[in-house]
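*Asks:* Build the full structure now, drawing on both the sequences and the hints.
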Amino acid sequence: MKKLTRLGVIVFIVGISLLLTTVYRSNTQEGINRFQWLGTPSEGLVFDNRFLLPPRTCEIYLNASSEVDVYILDVEGITLWEEEGTLEPIWNSSGAKQHTGRFDVNKRGEYAQLIFNIYNATTSIQETVRFSGIEKDLLVASVAITAVGLVTVAVSFLLKKFRVRN
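Under the working numbering, the first residue of the sequence shown carries the number 92, and numbering increases by one thereafter.
Quick caveat, the hints were computed from the structure, so don't treat them as lab data.
Every residue, glycine too, gets a C-beta built ideally from N, C-alpha and C.
Heads up, some of the hints might be wrong.
To be verified - Straight-line Cα separation of at most 30 Å, DSSO-like style, residue types lysine-lysine; simulated pairs:
#	residue 1	residue 2
1	188	198
2	198	227
3	251	93
4	94	251
5	252	93
6	94	252
Stated by the list, open to error - Computed beta-carbon distance windows for the label pairs:
#	residue 1	residue 2	range
7	189	246	52 to 62 Å
8	141	193	38 to 48 Å
9	156	221	20 to 30 Å
*Replies:* Okay, structure coming up:
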């Protein structure tokens with residue numbers, strides 16, 4: 092019985108620690124200078140390497156020396172682009188030199204960025220990405236772990252109480 096209670100308390104403490112870390116992290120995230128580019132791509136397209144995004148609100152600050160189209164693709168969009176040449180972005184900015192855009196990332200995973208240089212001119216681009224809000228998947232996981240710890244402690248007390256009566 093003691094072991095079950097001890098296990099429940101440990102799991103509860105781990106869950107609370109994860110929960111506090113998730114909340115702290117959501118309030119301290121800074122912007123990331125994720126992308127800088129100078130040059131003239133062949134055929135006006137640059138397919139940026141894949142990157143990971145957490146399930147949060149994402150804000151993109153774009154500053155380019157000439158007009159560009161920017162597309163953010165999720166894993167399904169990446170597959171469509173690579174296999175069929177079909178463009179289905181989760182977010183895009185068309186003909187922008189300076190633009191701020193916001194979109195929600197619904198699931199943690201792999202994303203990519205496609206940039207189309209409209210005029211095929213030498214273009215410099217600086218992009219800053221900022222995240223806000225709580226990472227939803229980490230919140231759910233930490234609450235679930237905390238709940239498992241609480242239920243384990245409650246069950247150990249109920250078992251102890253039930254054994255005392257019999």
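*Asks:* Look at each hint and say if it fits the structure.
*Replies:* Hint check results:
About 29 Å separates the Cα atoms of residue 188 and residue 198, which keeps this hinted pair within 30 Å; it holds. Annotation: proposed proximity of residue 198 to residue 227 holds, straight-line Cα distance about 8 Å (limit 30 Å). For the proposed pair residue 251 and residue 93, the alpha carbon gap of about 9 Å is at most 30 Å, so the pair holds. For the given pair, residue 94 sits about 12 Å from residue 251 by alpha-carbon distance, which is consistent with the 30 Å threshold.
Between residue 252 and residue 93, the direct Cα distance comes to roughly 13 Å. Compliance with the 30 Å bound is thereby established for this hinted pair. With a C-alpha separation of about 16 Å, the suggested pair residue 94 and residue 252 falls inside the 30 Å cut-off, and the hint holds. Checked against the hint of 52 to 62 Å, the C-beta distance between residue 189 and residue 246 comes to roughly 58 Å, which is consistent with it. Between residue 141 and residue 193 the CB atoms are about 21 Å apart, so this pair departs from the stated range of 38 to 48 Å.
A C-beta distance of roughly 22 Å is found between residue 156 and residue 221, which places it inside the suggested range of 20 to 30 Å.
Hint 8 alone, counting from the list given before, is not met by this structure.
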